[in-house]
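The sequence shown begins at 3 in the working numbering and counts up one residue at a time.
It is worth saying that the hints were derived from the structure and are not from the lab. One or more hints might be untrue.
Restraint ranges, calculated between C-beta atoms of paired labels, are given here [what the hints assert, rightly or not]:
| no. | residue 1 | residue 2 | range |
| --- | --- | --- | --- |
| 1 | A353 | A434 | 13 to 23 Å |
| 2 | V370 | K293 | 21 to 31 Å |
| 3 | D225 | V372 | 37 to 47 Å |
| 4 | W386 | S261 | 29 to 39 Å |
| 5 | K55 | V99 | 21 to 31 Å |
| 6 | R152 | S406 | 18 to 28 Å |
| 7 | F388 | R152 | 39 to 49 Å |
| 8 | F377 | G51 | 35 to 45 Å |
| 9 | V159 | D237 | 10 to 20 Å |
| 10 | W299 | V392 | 38 to 48 Å |
| 11 | D237 | G51 | 16 to 26 Å |
| 12 | W299 | V399 | 42 to 52 Å |
The calculated lysine-lysine pairs, modelled on DSS-like cross-linking and capped at a C-alpha distance of 30 Å, are [as the list claims (entries may be wrong)]:
| no. | residue 1 | residue 2 |
| --- | --- | --- |
| 13 | K349 | K424 |
| 14 | K349 | K339 |
| 15 | K349 | K195 |
| 16 | K195 | K90 |
| 17 | K90 | K216 |
| 18 | K195 | K216 |
| 19 | K216 | K279 |
| 20 | K140 | K90 |
| 21 | K55 | K140 |
| 22 | K424 | K195 |
| 23 | K292 | K195 |
| 24 | K140 | K279 |
| 25 | K82 | K344 |
| 26 | K424 | K82 |
| 27 | K222 | K292 |
| 28 | K344 | K195 |
| 29 | K293 | K339 |
| 30 | K82 | K195 |
| 31 | K195 | K140 |
| 32 | K293 | K279 |
Virtual Cβ for every residue (Gly too), placed ideally from N, Cα, C.
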Amino acid sequence: MLLFLSLEVYPQADSVVIIKRISPRTPALKLDVPLLDYPYQLDARRTTGSFFKAYANPSMQQSLALATNLYASAHVGLQKAVEPIGNKSLRTIALVVAVFATDYILSYAPGGDGWLHEEYHRAVLTRHHTNSSNDMNKFPLGAETVSVSRVRDEDLVRFKAESPADFIRLPVAGIEGQYLLVERLQRHNFFYKQNRPHEFQYWLSVLNSILYVKTSSDPKQVDRLTDELNANEPDIRTRDFTGLDFTAWVYDLFRPTESYTDRGIHPLGNGINRYRKTTDLTADELAYLKKQGNLQWLNVLSPMMVGVRRINISSSLSGNIAMQHWLTSFGNDTALKIFLRKEGPFKDINAVFTVHNYTNFSHYFPAVEVELIDFPIGSTNRTWLFSPRVLLGLQPVDQQFTTSNSEFLGLLGGRLDVRLHKTIFPYLDFAAKSAGWVGGNEFLGPNFSCRLGLSCRFF
């Protein structure tokens with residue numbers, strides 16, 4: 003995996019000189035801080051008891067921004083740290099070792115990809131007024147498993163009864179966050195021409211997710227580990243909310259109406275037996291989970307995974323491509339993403355085109371998505387940057403796993419950044435959507451979400 007780290011350690015933000023120098027168009031470092039996320043934070047306030055305590059239960063976009071900022075800042079700092087090394091080969095080796103060690107440690111640290119994984123679980127729990135604790139905040143370096151703990155059985159019983167589709171999404175939301183982190187860092191390298199050594203982080207997140215899904219269908223691994231966890235967790239408060247994520251996901255995917263209490267009593271005699279083993283699955287359920295584990299390998303199919311950060315099509319046009327496989331509340335989404343950047347004398351056009359292939363047990367539902375990134379409005383000083391997004395298509399009606407009936411899926415969103423200072427951009431981010439699953443959005447029902455934040459762009 004070390005070969006996937008780029009040797010380019012001197013990133014440059016592109017700029018244009020026409021009569022007078024125009025500000026650099028692409029930031030060398032971009033840090034987003036979503037300060038308010040409505041209406042999610044109303045659910046978080048209800049869950050935690052107060053507005054300020056609600057920040058301990060960040061939204062999906064808040065935790066994603068924090069993790070992105072952490073990796074982007076760390077990799078910029080490491081590149082700067084090795085610059086004084088005169089010998090190019092030694093400088094490259096030093097960067098590779100530093101990035102490898104840093105990303106491994108961050109995977110167990112608050113703000114890292116493991117922390118993000120757990121926060122995406124917690125965001126779904128919070129959305130349904132179920133409080134929890136992220137044990138990644140204990141910095142469990144080298145741990146085999148890490149829990150979302152302090153979840154009450156009563157809340158899980160209520161949650162599944164009230165919203166089976168959200169409950170099915172709950173255990174797969176973790177890798178949803180990790181894949182969004184990979185895409186966010188890839189976008190920064192592509193659209194902002196940053197040339198940061200993110201590739202090792204990509205592989206840590208993607209391989210961890212793939213192998214986790216595949217492990218969840220392996221009886222030797224799942225059943226042994228589940229028995230060990232059950233035997234060593236006498237206190238209900240220390241138990242994870244679900245055990246191995248994807249064994250639990252497929253169990254409820256095939257049993258959306260089964261009462262949570264039907265899981266029975268915990269082997270130690272206190273509480274509900276939350277964790278599922280392969281012996282709890284039918285042959286068809288286990289086969290479906292194995293199939294999804296194999297399809298997860300689609301997530302490595304991108305030139306960006308091996309350090310090809312952009313493909314030059316012409317002197318002013320560049321592109322890239324990525325395959326993605328997401329596990330959802332109704333089955334899966336196999337997506338093809340195309341990234342394009344067209345550079346002009348005054349304005350650049352950054353675009354993402356996505357073809358979604360939503361699939362439940364045996365039926366297919368198509369959708370298409372288009373985004374523009376940081377399109378400058380008005381003058382060439384880039385005071386106003388607009389990022390519109392449109393998604394149109396179909397998904398299974400009511401997020402059902404076995405239905406052939408479809409319902410309309412639509413999303414209209416956008417983000418407006420306004421330059422107040424050369425590096426300070428307050429922004430408004432909004433999205434209005436119909437019922438349906440959209441990655442990074444906590445709401446499966448119709449929803450209008452709005453975020454206010456601050457973006458710091460260092461050129």
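Quick rundown of the hints versus the structure:
Distance hint for A353 and A434: a CB-CB separation of about 21 Å, consistent with the stated range 13 to 23 Å. Between V370 and K293 the C-beta distance comes to about 25 Å, which sits within the given range of 21 to 31 Å. Checked against the hint of 37 to 47 Å, the C-beta distance between D225 and V372 comes to roughly 45 Å, which is consistent with it. Between W386 and S261 the C-beta distance comes to about 53 Å, which lies outside the given range of 29 to 39 Å.
The supplied range of 21 to 31 Å is broken by K55 and V99, whose beta-carbon atoms lie about 40 Å from each other. A beta carbon spacing of about 41 Å between R152 and S406 contradicts the range 18 to 28 Å that was offered as a hint. About 42 Å separates the C-beta atoms of F388 and R152, a value consistent with the hinted range of 39 to 49 Å. The supplied range of 35 to 45 Å is met by F377 and G51, whose beta-carbon atoms lie about 41 Å from each other.
Range check, V159 to D237: about 19 Å between beta-carbon atoms, so the 10 to 20 Å window is met. Range check, W299 to V392: Cβ separation about 30 Å, and the 38 to 48 Å hint is violated. Distance hint for D237 and G51: a CB-CB separation of about 23 Å, consistent with the stated range 16 to 26 Å. Distance hint check for W299 and V399: the Cβ-Cβ separation is about 30 Å, which falls outside the suggested range of 42 to 52 Å.
For the given pair, K349 sits about 18 Å from K424 by alpha-carbon distance, which is consistent with the 30 Å threshold. The hinted pair formed by K349 and K339 meets the criterion: a straight-line CA distance of about 23 Å does not exceed 30 Å. A hinted pair counts as satisfied when its Cα atoms are at most 30 Å apart, and K349 with K195 qualifies at roughly 15 Å. Our distance criterion of 30 Å between C-alpha atoms is met by K195 and K90, whose separation comes to about 21 Å.
Proposed proximity of K90 and K216 is contradicted: the alpha carbons are some 40 Å apart, above 30 Å. Taking the CA atoms of K195 and K216, the gap is about 35 Å. The hint is violated against a cut of 30 Å. Straight-line distance between C-alpha atoms of K216 and K279 comes to about 14 Å, which keeps the hinted pair within the 30 Å bound. Straight-line distance between C-alpha atoms of K140 and K90 comes to about 38 Å, which puts the hinted pair past the 30 Å bound.
Note on K55 and K140: the hinted pairing holds, with a Cα-Cα distance of about 19 Å set against a maximum of 30 Å. A distance of roughly 19 Å separates the Cα atoms of K424 and K195; the hinted pair therefore holds under the 30 Å criterion. Our distance criterion of 30 Å between C-alpha atoms is broken by K292 and K195, whose separation comes to about 38 Å. Between K140 and K279 the CA atoms are separated by roughly 27 Å; this keeps the pair inside 30 Å, and the hint holds.
Restraint check for K82 and K344: satisfied, since their Cα atoms lie roughly 29 Å apart, inside the 30 Å limit. Restraint check for K424 and K82: satisfied, since their Cα atoms lie roughly 22 Å apart, inside the 30 Å limit. Pair hint K222 plus K292 holds up; C-alpha atoms about 14 Å apart against a cutoff of 30 Å. Between K344 and K195 the alpha-carbon distance is near 12 Å, which keeps this suggested pair within the 30 Å criterion.
Restraint check for K293 and K339: satisfied, since their Cα atoms lie roughly 22 Å apart, inside the 30 Å limit. Among the hinted pairs, K82 with K195 is consistent with the structure: their alpha-carbon atoms are about 17 Å apart, no more than 30 Å. Using a Cα cut-off of 30 Å, the hinted pair K195 and K140 is violated, with the two alpha carbons roughly 35 Å apart. For the proposed pair K293 and K279, the alpha carbon gap of about 17 Å is at most 30 Å, so the pair holds.
Going through the hint list in order, the structure does not satisfy hints 4, 5, 6, 10, 12, 17, 18, 20, 23, 31.
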